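Listed below are the residues making up each chain.
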Amino acid sequence: EDQVTQSPEALRLQEGESSSLNCSYTVSGLRGLFWYRQDPGKGPEFLFTLYSAGEEKEKERLKATLTKKESFLHITAPKPEDSATYLCAVLNAGNMLTFGGGTRLMVKP
Amino acid sequence: DGGITQSPKYLFRKEGQNVTLSCEQNLNHDAMYWYRQDPGQGLRLIYYSQIVNDFQKGDIAEGYSVSREKKESFPLTVTSAQKNPTAFYLCASSTTYQQGYTFGSGTRLTVV
Numbered sequence: 161e162d163q164v165t166q167s168p169e170a171l172r173l174q175e176g177e178s179s180s181l182n183c184s185y186t187v188s189g190l191r192g193l194f195w196y197r198q199d200p201g202k203g204p205e206f207l208f209t210l211y212s213a214g215e216e217k218e219k220e221r222l223k224a225t226l227t228k229k230e231s232f233l234h235i236t237a238p239k240p241e242d243s244a245t246y247l248c249a250v251l252n253a254g255n256m257l258t259f260g261g262g263t264r265l266m267v268k269p
Numbered sequence: 007d008g009g010i011t012q013s014p015k016y017l018f019r020k021e022g023q024n025v026t027l028s029c030e031q032n033l034n035h036d037a038m039y040w041y042r043q044d045p046g047q048g049l050r051l052i053y054y055s056q057i058v059n060d061f062q063k064g065d066i067a068e069g070y071s072v073s074r075e076k077k078e079s080f081p082l083t084v085t086s087a088q089k090n091p092t093a094f095y096l097c098a099s100s101t102t103y104q105q106g107y108t109f110g111s112g113t114r115l116t117v118v
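From first to last, the protein sequence lines stand for chains A and B.
For the first sequence, the numbering used here gives the first residue as 161, with consecutive numbering after it.
For the second sequence, the numbering used here gives the first residue as 7, with consecutive numbering after it.
So that you can see chain A by itself, here it is in the shape it has in the complex:
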């Protein structure tokens, strides 16, 4: 059974204080690891797909990295508008996504 664990569950940062979110996973036949951003009351919004260990993707203040067992979402100099829940998910060989519980990020000005 595929499993995804995200930590921490919640993270409070001051504006400009860089940090990282963790996503640990076990999956049968990894086809991709996904990061989504979800704002309250809305559907998840796609951020990144990572396909193999060592791969990195960047978008503005966000950088996602992947190893064989975990992925990190690094947030550099965050702003209040980065406040959201960040979801990690793995896609297995059967094209099914398994989600982690998410990390709720709050960035205070």
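It is worth saying that the hints were derived from the structure and are not from the lab.
Wrong hints could be hidden among the right ones.
Beta-carbon label-pair distances, calculated as ranges [stated by the list, open to error]:
(1) A:Lys-219 <-> B:Gly-22: 10 to 20 angstroms
(2) A:Thr-186 <-> B:Thr-85: 30 to 40 angstroms
(3) B:Gln-23 <-> A:Ser-184: 37 to 47 angstroms
Pairs of lysine-lysine residues, derived as PhoX-like cross-links and limited to a Cα-Cα distance of at most 25 angstroms, are as follows [unchecked claim]:
(4) B:Lys-77 <-> A:Lys-202
(5) B:Lys-76 <-> B:Lys-20
(6) B:Lys-77 <-> A:Lys-228
Which residues of chain B face chain A? A partial, calculated answer using Cβ under 10 angstroms [what the hints assert, rightly or not]:
(7) Gly-8
(8) Pro-14
(9) Lys-15
(10) Leu-17
(11) Ala-37
(12) Tyr-41
(13) Gly-48
(14) Leu-49
(15) Arg-50
(16) Gln-56
(17) Val-58
(18) Phe-94
(19) Ser-100
(20) Gly-106
(21) Tyr-107
(22) Ser-111
The structure displayed is predicted, hence computed values, not measured ones.
Note that CB positions come from ideal geometry on N, CA and C, so glycine has one too.
Given the structure of chain A, go ahead and fit chain B onto it with the hints provided.
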């Protein structure tokens, strides 16, 4: 613009009633999915369909039913058998070879 439309955005159900949540996509995606999200939790799969006229149960299918008569549409019925239906429901779609899902904006269901 292509996307997924869920309606209604808010839905209230009385005890013992069945309600149907709508999900329509114009992305020409083959597969569609229904997820349930409870406060502070991740997404749990209710049902999915990879082709018209076929669907499979997900992890928490009890108390729910679906149909897939058209490629564009995948409605979810929350039946009276679902004992704790209050939640945020998300519909998603993907192509067979697409890496990742596209999500709708969700329906919040509340039992009154």
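Structure-based check of each hint:
1. A:Lys-219 <-> B:Gly-22: 10 to 20 angstroms: With a Cβ separation near 47 angstroms, A:Lys-219 and B:Gly-22 fall outside 10 to 20 angstroms, so the hint is violated.
2. A:Thr-186 <-> B:Thr-85: 30 to 40 angstroms: holds, 34 angstroms
3. B:Gln-23 <-> A:Ser-184: 37 to 47 angstroms: Holds: the Cβ-Cβ distance is about 41 angstroms, inside 37 to 47 angstroms.
4. B:Lys-77 <-> A:Lys-202: Roughly 24 angstroms between the alpha carbons, so the hint for B:Lys-77 and A:Lys-202 holds.
5. B:Lys-76 <-> B:Lys-20: violated, 29 angstroms
6. B:Lys-77 <-> A:Lys-228: violated, 36 angstroms
7. Gly-8: violated, 14 angstroms
8. Pro-14: Violated: closest Cβ of chain A sits about 13 angstroms from B:Pro-14, beyond 10 angstroms.
9. Lys-15: holds, 9 angstroms
10. Leu-17: Hint violated; B:Leu-17 Cβ to chain A Cβ min 14 angstroms, cut 10 angstroms.
11. Ala-37: Since the shortest Cβ distance to chain A is 7 angstroms, the answer is holds.
12. Tyr-41: Check passed: Cβ of B:Tyr-41 comes within 8 angstroms of chain A, closer than 10 angstroms.
13. Gly-48: This interface hint holds because 4 angstroms falls under the 10 angstroms limit.
14. Leu-49: Holds: closest Cβ of chain A sits about 4 angstroms from B:Leu-49, inside 10 angstroms.
15. Arg-50: Nearest chain A Cβ about 8 angstroms off; hint holds.
16. Gln-56: For B:Gln-56, the interface hint holds, since the closest Cβ of chain A sits about 8 angstroms away, which is under 10 angstroms.
17. Val-58: violated, 17 angstroms
18. Phe-94: This interface hint holds because 8 angstroms falls under the 10 angstroms limit.
19. Ser-100: Holds - the Cβ of B:Ser-100 comes within 10 angstroms of chain A, reaching about 7 angstroms at its closest.
20. Gly-106: Interface hint status for B:Gly-106: holds (5 angstroms vs cutoff 10 angstroms).
21. Tyr-107: holds, 6 angstroms
22. Ser-111: Since the shortest Cβ distance to chain A is 5 angstroms, the answer is holds.
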